[in-house]
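Asker: Single-letter residue listing:
Number of protein chains: 2
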Amino acid sequence: MTDQDLEMIAARAAEAAPLWAAVPPRRRAHALVAAADALLAAESELVATAEEETGLSDARLSGELKRTAVQLKLFAEVVVDGSYLDVRIDDADPNFVLGVRPDVRRYRVPVGPVLNFAASNFPFAFSVAGGDTAAALAAGCPVIVKAHSGHPRLSLMTADVVSRALESAGAPRGTLQVISGQQAGVDMLKDPRIKAGSFTGSIRIGRMLADIAAARPTPIPFYGELGSVNPVFVTPAALEENAEGILDGFVSSVAGSAGQLCTKPGFLFAPAGASFAEGIATRAERVPEHRLLNPGITSGYQSRRDAVLNTPGVTVLAEGSLRVDGEGQGWATPTIVSVPVEVLKEQRDALLDESFGPLSIIVEYDDPAKLASIADELFEGNLTGTVHAARGENSAAIRALVAWLTHSTGRVLFGGWPTGVAVTPAMQHGGPWPSTTNDSSTSVGTAAIARFTRPVAFQNAPGELLPEPLRDDNPWSVPQHRTPAGESQSWGSLE
Amino acid sequence: MTDQDLEMIAARAAEAAPLWAAVPPRRRAHALVAAADALLAAESELVATAEEETGLSDARLSGELKRTAVQLKLFAEVVVDGSYLDVRIDDADPNFVLGVRPDVRRYRVPVGPVLNFAASNFPFAFSVAGGDTAAALAAGCPVIVKAHSGHPRLSLMTADVVSRALESAGAPRGTLQVISGQQAGVDMLKDPRIKAGSFTGSIRIGRMLADIAAARPTPIPFYGELGSVNPVFVTPAALEENAEGILDGFVSSVAGSAGQLCTKPGFLFAPAGASFAEGIATRAERVPEHRLLNPGITSGYQSRRDAVLNTPGVTVLAEGSLRVDGEGQGWATPTIVSVPVEVLKEQRDALLDESFGPLSIIVEYDDPAKLASIADELFEGNLTGTVHAARGENSAAIRALVAWLTHSTGRVLFGGWPTGVAVTPAMQHGGPWPSTTNDSSTSVGTAAIARFTRPVAFQNAPGELLPEPLRDDNPWSVPQHRTPAGESQSWGSLE
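Protein sequence lines correspond, in order, to chains S and E. Our numbering puts the first residue of the first sequence at 609, with every later residue one more than the last. Our numbering puts the first residue of the second sequence at 609, with every later residue one more than the last.
Accuracy of the hints is not assured; some may be wrong.
Any copy will do: because identical chains look the same in the list, a pair fits if it lies in one copy or spans two.
[As the list claims (entries may be wrong)] Here are the simulated DMTMM-like pairs of lysine to aspartate or glutamate, each with C-alpha atoms no more than 20 angstroms apart in a straight line:
| hint | residue 1 | residue 2 |
| --- | --- | --- |
| 1 | Lys798 | Asp611 |
| 2 | Lys798 | Asp819 |
| 3 | Lys674 | Glu1095 |
| 4 | Lys674 | Asp645 |
| 5 | Lys953 | Glu985 |
| 6 | Lys798 | Glu988 |
| 7 | Lys978 | Glu950 |
Note that these hints are calculated values from the structure, not bench results.
For reference, chain S alone in the conformation it holds in the complex:
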């Protein structure tokens, strides 16, 4: 893209910003629903292109497209509901404990144009019309998506479908636009018209972009989702209760989408002495070869897999395969190894990194009481952490582990597997560094809308100059949290 292209795109986003922000909630919601319906209407074409460009399966891609459409519709509900505006109204209070209190009313406004860097591994759900785009559009922000090079045609098709639908439903021109090329992404991130950035991808690139965002003459918030190894901890009692179910679930979770998921369990802690070898091997062998997303991911996976397989002390349970064609494109089956926890500690440099592909490491531990401190010694922040305990198991060891997980991840699971992130109001997808650049928010679920808004207060404003959500007649019927006069007299009495 030329500098002129980028200039035109940034200018259009900036022009669209006040117009899109001013579209009333019901109309904005209808535009999101129209975009969702347009995606579903174009399903066959979009999924076929996605399949070709990414090697992901038809079933997976159809499901992902549906999820992406549902996500837009869910955000339409959020827009109409209006809770996200966090409306607070302080009534004027002549008897306020610190002197006369003015009438103060606060809500959240859209930040302005957002730049969203798409991921390779979810060509719908974390790409042009994915979660961050839906959240930003819902907030009232125009979006520029830096398309991922792994699915360039799909990106343009999706942008075309969605932007047409939005504009037909009354959104201004420039509400959703796409750019491509790494340099274009970096240049756009530096543009003063961009007010927030979001990203899903590697630690290396995410860190580089976060640093650029922070170093701008006017710094902006940057929400990057980077790397995560999502440890799973299985207690002896859980294994006794349900070894077959755990093995089934583990291998499925590692193998699904060829392990190219940010929540893939990279480490499973199991009691030493459990005989997994056969159960793992049998299950892994049943998994058919799956294409990796692109040559870049193939070569990254190849290095990680070689490093793991060549580490002294590693026992191979399922060697799996990685076949690479003349153009560098890979096909893989699951590779699953085991190591004693002491080896993992000694070989942490070789073993602890995320393997983006169908590889996982079973870590054999001796003492469940030490799991929390072992985890603390080994891991930084993660998106998720999972405990498999027996029914009713509630030991000090489990409690210590849950405390560590609460401190070190964004989502703590009990049973089940971290892959497959529900799109709901309570979901949290984001954890301490390096799983994200900023763990104050989420990239999945409705709470994500907060990323793209900022608060503004109005003091003693006449009714006719107040924004709709702050008016006493509340024309949008949004939740208003009101603090009546007189309350301050009792503060501190804690009645």
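Place chain E on chain S using the hints.
Answerer: Frame of chain S; chain E shown alone:
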């Protein structure tokens, strides 16, 4: 402070973190109230020391101490109320539109130890026991305050009073600690045990610290409040309606605390041709000399004042005075000048910076319809912006100005003056860069608690392992936002 001192302080804060986070809300609230009461009990000693170290008046300091105590009590209410936990519960939903939905429960947990850089100009309210400290303690985070060199004895006294009160009320050792020295602050900001930073001060220092926080191996959020010139816009009709009241309020707001307030109105836009000269001069002359906080602020104010007075095209309405003693300590009376808007545009490099002291610039404009575009051309982000309009005035020009203010500030005032920030649930103190490093939150008012929390979700957790706020029996009686099963079927229908 030695490296060993800093190491011990960081270690204590890290040890205190899980303990303070685990203190149940009512006990945490009681500890905050105890701290507030202890401050009030020590008033005479604290205020006398503050007066000596800062030169601020007894009345101002007593009021500020009361405000600081009330702020702690208000946060005690916030802790008990529990809305800030943002509890969201998704009921498990077998009929969820994207397949079986798990039980997901999300709330906000404390981030861990917070480093708070105190300001010079509010030795109580933005210092050791000030707003950021209160918000972080309320959130359940231990706080290390980097004391301001402008009131070192007061800082230690305050820390002593407050930490004793907290610990007597059951807070762990290390819940509130103080460090001093610039290098100590920088070193502590780099310590991996520190999980968030806050700051109130200059653009230069705030930017430096924000850059350090962003460049850490593990970046952390940094909430800096930097510079703001708080423009005020007076319409011709407002002036006609209430010229005397506006002049009174303006001079008081500029002169209060010798203009050393982050919300001091630095520019007042008034219709050209209004004859202010006499009204301003008379009022300014009545203001007694006031000490500036310290020699550093004196020399900064001296340069700004000289630059403004020596700029061609500036008319002096009240020259005021700045007397500097042999030790560099200054005493000042208000300096108020006027310039035509065209001169301000031409001389922006000399005139547009914040003058931290009792100086303000009246800007004469010709056409009210152009105010919004003039403001947009001149100003970056500000903490506040104020409109003085006549009763019922609701022109396109006013609306454009309000739109610009909403976009460019954190608080829009109608009538009144931006100094004197109410401590309330709806207050917003924080606006676009450079008024803050991060305009997603506030440093005054109860919403500030969000700075020091991050979300965590629990998926399919057994009741006995859920944190109290997420349990069905809700032992802390916090607001729980529940999403029942079945709702997803209607998403997008926007009924």
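Asker: Each hint should be assessed against the structure and marked as holding or not.
Answerer: Results of checking the hints against the structure:
1. Lys798 to Asp611: within (13 angstroms within a copy, 38 angstroms between copies)
2. Lys798 to Asp819: Both: 11 angstroms inside a copy, 16 angstroms across copies.
3. Lys674 to Glu1095: between (48 angstroms within a copy, 17 angstroms between copies)
4. Lys674 to Asp645: So Lys674 and Asp645 pass the 20 angstroms test inside one copy only (10 angstroms; across, 57 angstroms).
5. Lys953 to Glu985: within (8 angstroms within a copy, 58 angstroms between copies)
6. Lys798 to Glu988: between (29 angstroms within a copy, 17 angstroms between copies)
7. Lys978 to Glu950: within (12 angstroms within a copy, 71 angstroms between copies)
Violated hints for the displayed structure: none, as all numbered hints are satisfied.
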